Amino acid sequence: MRRPMVLPAVVAGAATLALTACGGVGGGDDSDGGGDAQSGDLTADPSGSITTIGFALPDEIATVRVDTFREMYPDVEVNINEGGFDEQQFLTSVSSGNPTELVYIPGDQVGAFAARGAIQPLDECIEQRDIDLGQYRPNVLDLVQYDGSTYAIPEFYNTPVLIVNNAVLAQAGLTAEDIDISDQESLLAAAQALTVRNGSTYERIGIHLRLPDLTPFYGVVDGNPWVAAADDFRLDDPATVATMERLKAVQDAQGGHTALKDFENTWDLFGEGNPFAQNQVGAMVIEQWYVNVLANTSPDVDITVLPITDAGGETVTWATSNAWAIPKNADNTATSCEFMKIMTAPDTWAAAAEERIRLREAEGKAFTGIYTANEAADDQVFGELYTPGTGENQKWDDAVQAVLEAQSDAWVVPANPVGAQFKAAWLEATNRILAGTQDAESALAEAQDKVEQALADVG
Amino acid sequence: MSADVSTAPVAPPMSRGRRWRAAWRRPETRWAYLFLLPWIVGFLAFTAGPMIASLVLSFTDYDVINPASYVGGENYQRMIEDPQVRTALFNTLLYTVIHVPLSIAIALALAVLLNQIGGRFAGFFRTVFYMPAMTPTVAVGVLFLLLLNGQNGLVNAALGLFGIDGPAWTTDPAWVRWGIIIMSLWTIGGTIVILFAALKNVPMDLYEAARIDGAGAWRQFREVTVPMISGSLFFVTIVNTIASLQMFTEVYTMFYGNAQSQLQASDSALFYVIYLFRQGFQFLEMGYASALAWGLFVIVLIVTLVQVKLGDRFVYYEGDDR
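Taken in sequence, the protein lines are chains E and R.
For the first sequence, position 204 (counting from the first letter as 1) is numbered 266 according to our numbering, and the numbering increases by one without interruption.
For the second sequence, position 72 (counting from the first letter as 1) is numbered 115 according to our numbering, and the numbering increases by one without interruption.
The hints are simulated quantities; they were obtained by calculation from the structure and are not laboratory data.
It should be emphasised that the depicted structure is a prediction, and the values quoted were computed from it without experimental measurement.
Worth double-checking, as some hints may not be accurate.
Here are a few chain R residues that sit away from chain E, every Cβ distance over 10 Å (derived from the structure) [to be verified]:
(1) Q159
(2) Y173
(3) P216
Which bits of chain E does chain R cover? Going by a derived footprint, with three or more residues having C-beta under 8 Å, they are [what the hints assert, rightly or not]:
(4) 205-218
(5) 476-487
Virtual Cβ for every residue (Gly too), placed ideally from N, Cα, C.
Construct the entire structure; sequences and hints are all you get.
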């Protein structure tokens, strides 16, 4: 038997396997550099079909709004390609010249896609289809406006609040007033008092700061936002270093970040066995949507919701949002514009809220609001539809008032061309610092270098 | 009577072109190419084309959206200076160095065991050992996030039976690599099948001869089994090495697949192809990602060439002189 032709085969195999990892992207043959204005008559009646990516229909708040559009324009075929936002799916569709009509993207990536021309400026769309930007919260518009143009229409308005598990605090002889996120001494004391573990096995996290998800928020709490402008990042600021060091101290006081994360991964966050129902947490900093989750899955849970304050006692928060955008070279922009307008209009939000109220009432549960980037919509929902809870549901009304108080003036990361790199940089640095594999100063200096390098690359 | 071979006319050798033309005149050749055509078209369109495109892109600044601009060797220079490339390369090579011998050793041991099993259960056990290899890789990633959880995962529960307090396999940077190596053993079914088939082909008379010569079980394994299956061992070594250097799906699912999983990603989980993918599709640096792809190709090529050279010394092919 002859020896097999091993060498040519393995070389060809290696080349194929190694190189096709990166080869499937089209050539981007347009010479206009992106940032196309919409083409065609933007005032035309909606028609034809539109397809969206990055958006899902998990609940009535989503389905009612899509149905509203469908009822208004029954001749338009709306295809919701359900799923989370996938950069590869989006970019390859744009690069190949075959984008969907609409994309639903995280707000912190709007600037990056706008800077590269992957999404279209919406100024003409906004003007010709009478989208009233004055209805939207000005700070969220900072998230979607880049270089003087609006590139996306924001939907929700997510802001962290403090949710306190009253039963757990009572066991430890504490009250909600004993937890002050901006005061390190009281935070450490509460964290230690509330944490319960048996060796390396956790029964309860005392104060869950939701790290690293919300790390930049604590920069805001400490009076030092990590981004001052689209090209001014402050990860290596001594105040940022101080914030990270105190966060690590809190995690260490409760047994260490990696063990806490492991325990958190066992939680049934969205189910009836959630950490509040199971007394697996003493207090948690989390976005306001979790109040809605608890009101639905655990209506009997004993919680208090509080806005978070800085050292001066002022309410502080950080807002994030997802937003609708039109990809470069997308067709049917007039219909897409109308879809974005209808999906985020006050009446549409109100219709969705009404459906939720009906469903909650049918189950004897409290309606705890919907929180949108459209302030006029929120005014309509909370002014006309929302009924304060009484009796058993009083606590949910208190929670709603706390959320509304917290939302008044939120900080947002300004739209910038390196959103993904910035997030990756602070995430990596945070994980290294909290795990104790790198000190805060050098980790944040490296992160700052990466962001500045990315800014330089974008030019 | 004998022919005078020294004076017999010898036809001059045909040139390669003539040989090819002569072959092309035969209908069998044309039919063969016709049947090969789908693969050839597929290869040119989906493999050779993207490879050439990635080579060209590796010399450009290309963000996927806008036209590429030529930057010479900048991407390769950046690759050499990028500390995260070194981190990713270290993780990938460490994983390869541990995973390949470990998986082959375990697969070989299981193949030997399977080879001992006869009767009605033989097929059952072969199926059972191969089935995990059929699990979709994304599902493997998700499954092992649960199995390896430091608080309530089955792996630590099993260690607990022996009084061992297991680590945080998925969140502690010191243990993440080891967790990934444990996970990778889930899919050794393919290697087991290949080695099992090789074991089946070892002639029994060789074992009989060895026994007559007084060789024990270990000696038989070392002197008969291993040389006789060395071709298959060489094959699985090459294939597993290339696959390990390109480790992606399971680790990406565990640590980078969505916004939530990225929250627990540590440097220990940064594998080379993951870094490449993120540069291309998350950070819109497709030119740099293409350079990284060619860097990986060179590494895979070098490693493979070294393995082939070493294989020449250790691999026995039936019919060889050795």
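Query raised in the report: Which of the listed hints are not met by the structure?
Result: 3 and 4
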